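Asker: From the two separate chains plus the hints, produce the assembled complex.
Taken in sequence, the protein lines are chains A and B.
Numbered according to the working numbering, the first sequence spans residues 1 to 358.
Numbered according to the working numbering, the second sequence spans residues 359 to 685.
Simulated from the structure, these hints should not be mistaken for lab results.
Source: prediction; values computed, not measured.
Note that beta-carbon positions come from the ideal geometry of N, C-alpha and C, so glycine has one too.
Please note: incorrect hints may appear among the correct ones.
In silico DSS-like links for lysine-lysine, alpha-carbon gap of 30 Å or less [to be verified]: (1) B/Lys-491 / A/Lys-73; (2) B/Lys-593 / A/Lys-73; (3) A/Lys-73 / A/Lys-111; (4) A/Lys-153 / B/Lys-491; (5) B/Lys-593 / A/Lys-107; (6) A/Lys-111 / B/Lys-491; (7) B/Lys-593 / A/Lys-104.
In silico negatives: residues of chain A with every beta carbon more than 12 Å from chain B [as the list claims (entries may be wrong)]: (8) Gly-63; (9) Ala-132; (10) Pro-152; (11) Arg-169; (12) Thr-199; (13) Arg-203; (14) Pro-238; (15) Ser-355.
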Amino acid sequence: MSGVNLSGIVKAYGAVQVVHGIDLDIAEKEFVVLVGPSGCGKSTTLRMIAGLEEITAGDLTIGDRRMNRVAPKDRDVAMVFQNYALYPHLNVADNMAFGLRIRKMPKAEIKTTISEVAEILGLTEYLDRRPADLSGGQRQRVAMGRAIVRHPKVFLFDEPLSNLDAKLRTQMRAEIKRLHNRLGVTSVYVTHDQVEAMTLADRIVVMNNGSIEQIGTPMELFNNPANTFVAGFLGSPPMNQLKGTLTESGAKVGETEIKLNGSVATQAGRDVIVGIRPEHVTLTAGEKTTALPISLDLVEPLGSEALLHGHFGKDSLVFKTETGGDINHLSGVGEVHVNASLVKLFDAETGHALSLGA
Amino acid sequence: MADEHTTAGGPPVQEPLIETPSSEGRLTRFYDHIRREWQIYLMLLPTIIWFLVFLYKPMYGLQIAFKDYSIFRGVAGSPWVGFEHFETLFSNDQFLRAIGNTIKISALNLIFGFPAPIILALMFNEVLHASYKRTAQTIVYLPHFISSVIIAGIVITAFSPTAGIVNTVMGWFGLDPVYFLTQPQWFRPIFVGTGIWQEAGFGSIVFLAAIAGVNPSLYESAVVDGANRWQMMWKITIPSILPTILIMLIIRIGNVMEVSFELVILLYQPATYETADVVNTWIYRQGLQSGQYDLAAAGGLFNAFVAFVLVMTANTLSRRFSRTSLW
Ligand SMILES: Nc1ncnc2c1ncn2[C@@H]1O[C@H](COP(=O)(O)OP(=O)(O)OP(=O)(O)O)[C@@H](O)[C@H]1O
Ligand SMILES: [Mg+2]
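Bound-form chain B, shown alone (with noise of 0.2 Å):
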């Protein structure tokens, strides 16, 4: 090839068909780049910044996981211990508990939680009726932006023995009244139905979009062929609606592991900890009441590393089974 371009020290001859990137051309034009979109990267900024402080920094700190740490010797100062805590985490019946009961959780919440806003964005779309579906909407949105102490007191009130509602009503029919949040076998049902409560009419928003970005002709293709508003749904909303489904799916299988810990926090109580206590809740109770921060740390380094292999895996399959997915 270099022949080529100095043929007998004259001109070169032929221009190479693609420019090879010296570093220092690549370099120019990563300056040039900048200058032109710098605007852009500007906007880009704080985000970068909010990463790095709040999720790359602390990483630093996770090193404890595999040290021996005291707060007097400091995160550089504490001797390496390897997979000690890791063994320590993996004897521990509390902490294998709270395994189980993040996966039981989640697995409920997957069931029912997942499809609640998909069913709630397909029965609004069937609302044709605009100023009630308008205050129709707003009713369910609002449970998310109560505060979560907000929505565990009213549960506690709710399911109170005495004065909550559901007893009451339980007592109109002859039922004895029964103590919910004491009772390790009610936590799940009513954690999750608070969590669906709470959460799906604020995550129909997104499927609520989807669904109005399907081209009307195709709901009138449909009907000209004798499609009935059934049909519809199922021929054509929701199979319009599947990326969204599954990328959702994707995000929601990540977060498995993240049951939402302060609802958990609010609602648990020792008598209940058998179904209630869950990794997140375990290792703030080793962290921060107890003050072992290294094998908290371990815990967190697991759950994270357990959130990561399923975020991958789910949008391996989703990739490779229906051509969508996050990355």
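The following block holds chain A by itself, in its conformation from the complex (with noise of 0.2 Å):
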């Protein structure tokens, strides 16, 4: 019933386009998150499901009802900003209360609604007190809460965690997939946080320059990017990338010839990018491995993992290890052992995948 529907959807700014007809199917309850770097045209799609920007072409439709030409306040959307949006002037029951004081909801319900709301957000000792009084973490709960006491058919967030600091961040990134759990309400969420919508998404969909680069599931993404620009996006350290050309048994990256998993034959000469995820490398030699020669750079300690950078020609490299507990043993590290199964193959021109053929 309340699901988002986009189909050709383009906006342009006079002669100049910036999204370039999105087509995007968002099933009702679904949290979808849109992703990409700065200026990829996340913000304005997400302002015309809003209706603060008008759609230059293609079909937004909400529930059964396409909403082209529909007022923002009749689309029964709620946001939340990237500042907040709090009205400085209000406390906070009255920054909650006020969507539902202009739809005239009547007093006594307005008050149970709100401080239903505020005991769910942990705002109930806060309500008579102004936004410049709260945190950061505060406002931006506020923020929240002014969304959800509308009961909204759709949610639309536009990098609503940005400001906070990590700590925090990843606090109330637990809290709204909490949320979404508890109140199930379809949601689109924008952000460039690629750990963000890893932990956050039912599915990502990865933008770029104004197009869908691909949508699915995080693990689909993570393991199946369709293309090199979502596998250097997703992941941290995001996937290497090597140049590399197909022979009869695997791929040759410089002097080295990666063993793969598949039969690549009928394609030997071809030119690919090789695309080894960092954690996808092991330092001892296994079954189906092959050693990739590295001159080590730098070794990273994060704890229990630490992050190798070195060099493979004029490639710059990353790869994850575990440290059980002790790094002195890494700086002595001269190649790593990369998995056939586990390497990804990409259109050298193009940039899309390549499936293996069995």
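Answerer: See the structure below:
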């Protein structure tokens, strides 16, 4: 009933087109995260759903209704802004009541709604404070509360956590996830933080330059990125990408031939990009692994894991390995072992993922 | 405390937590500060000099309000007379009438003149067509840049009983011409109206700037919440610029006694003194035209004193009730 459908959505400012025909079907109760680099059109897309930007072309439906020309207030969406957009002259309770008062909800009902939501968000004791007297996390919660009290069909979030420090962000992320599980409202969430995207999303939409690169569950995108852009965007650190050429039995990268799973013989000679996730290597050889010689530049300990920064030819690479509580033994690493079954291949020209024939 | 520092002739065991500034240290720090920031003080200098020369130095002359001043004996040489001039002032009907007129005109100015630029700014804010808005703004700013003499000329012409546009229009409806500027009951409306025409546009700039400073996502959030433009104006714009409004109001209240002197001089005539003569014009006539400098100085001092009390009161009230104040 309250799914959101974007079909061929285009946004142009004058002659400049910034969103180039987006197709996206969001199911009811789904949590979809739009992620992509700065300027790729995430906010613009979200604001078109909210009705804050006019849709240049294409169709937007929420529920069963085409919304292109419907005023924002009649779309039954609630939005949480990056800077929270709290009214500085109103206290927390009045901030949350703002939308309800405008909709002429009876006073008593407003009161119960607010105290319920304040309870959920742990804001009960701050109800008569002004936003200026709240911490960043509390403000963020008020902004969420203002959206929740409206009981909208769709929640729209535009980078709601980007003004918080790392610790608070992790905490609020979990809280948003819990809230979504509890309220089950269709949500569209914009972020450029891929960890937020991975942890929150039912499905992630990776955008780049005003187009969608790939849509899928976090694990689909992680395991099977559709192209080099998605591969380089998700995962931290992102996937290593090496230029290579297919041979009869593998992929030749520099002087090294990396063994592959599956047969590539028919494609021999094709230029490819070989993708290796930082965590998909071992320090010891195993079955079906290839030794990739690297010159190590730097070891960054993260605790239980460490990042190995190194070079292979001209390409700089990063790998992730267990430390076992000690990093001294890592300084002598001269090669890593690449597991054939985990290597990804992309077309060198288009960047599209290649499937390895069985 | 001192004992801790000099234990048994040894070196001080503990540095004091907060250095108590010796007078010498303070002086050195002052020089250091000046050496570092001298450019800023240099930029401040013209303003300070201006204040000293034009506002502080003349205060020396204020003492003649308490003296039997004569030009020949000079300020220092004239004998003290205590509050004699103030007693004269407050038994002078014309002065009391001038105080009354000042208050009445100021009250009208406050009631009608103060909201005018705010309303203008709010209206401009609702105009979406950019070039129409720019043109309209320029037109309302214009009278501010015209000399009061010309403004007064325009007003006098407009209200003239023979050629004036006002009387001409009234003639179309069969009304008899009225010589507005000779009739005491018309002075205040014309004066206050002229003031609004002259200054409301320019005064709106401050409020427009305040409106421009309102976070645009407040409006977007309100749009999504279903607010219309009228509700956004009342619930977002006005509360957001309220601190600016209050500051301007404090300044305005401090100037209550300073009814636009030139414009009164230019528009009034003996026939309208009854409603038009304000404290400043009265001082001007006493001091410069009748040569009673000491009495005029006493009037001026009284004026300044009232203004001081008003601005302090307004500031205190504003700070108490809205956390906004000039200082
Ligand atoms: N009013 C406008 N006029 C012209 N171009 C605009 C306008 N608003 C946005 N753009 C352009 O549209 C593109 C997408 O902007 P958008 O705000 O959607 O990016 P974003 O993905 O949200 O980026 P970020 O992560 O930095 O918020 C940008 O290239 C931007 O320059
Ligand atoms: Mg954005």
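Asker: Each hint needs a verdict: does it hold in this structure or not?
Answerer: Hints and how they fare:
1. B/Lys-491 / A/Lys-73: The given pair, whose Cα atoms are some 27 Å apart, holds under the 30 Å limit.
2. B/Lys-593 / A/Lys-73: Between B/Lys-593 and A/Lys-73 the Cα gap is close to 16 Å, so the pair holds against 30 Å.
3. A/Lys-73 / A/Lys-111: 22 Å, holds
4. A/Lys-153 / B/Lys-491: 38 Å, violated
5. B/Lys-593 / A/Lys-107: Holds, at roughly 18 Å.
6. A/Lys-111 / B/Lys-491: 42 Å, violated
7. B/Lys-593 / A/Lys-104: 15 Å, holds
8. Gly-63: 17 Å, holds
9. Ala-132: At roughly 10 Å from the nearest Cβ of chain B, A/Ala-132 sits no farther out than 12 Å, so the non-interface label is violated.
10. Pro-152: Per Cβ check, A/Pro-152 is inside 12 Å of chain B; nearest 9 Å; violated.
11. Arg-169: 20 Å, holds
12. Thr-199: 26 Å, holds
13. Arg-203: 24 Å, holds
14. Pro-238: 32 Å, holds
15. Ser-355: 43 Å, holds
Hint check: violations occur at hints 4, 6, 9, 10; the rest are consistent with the structure.
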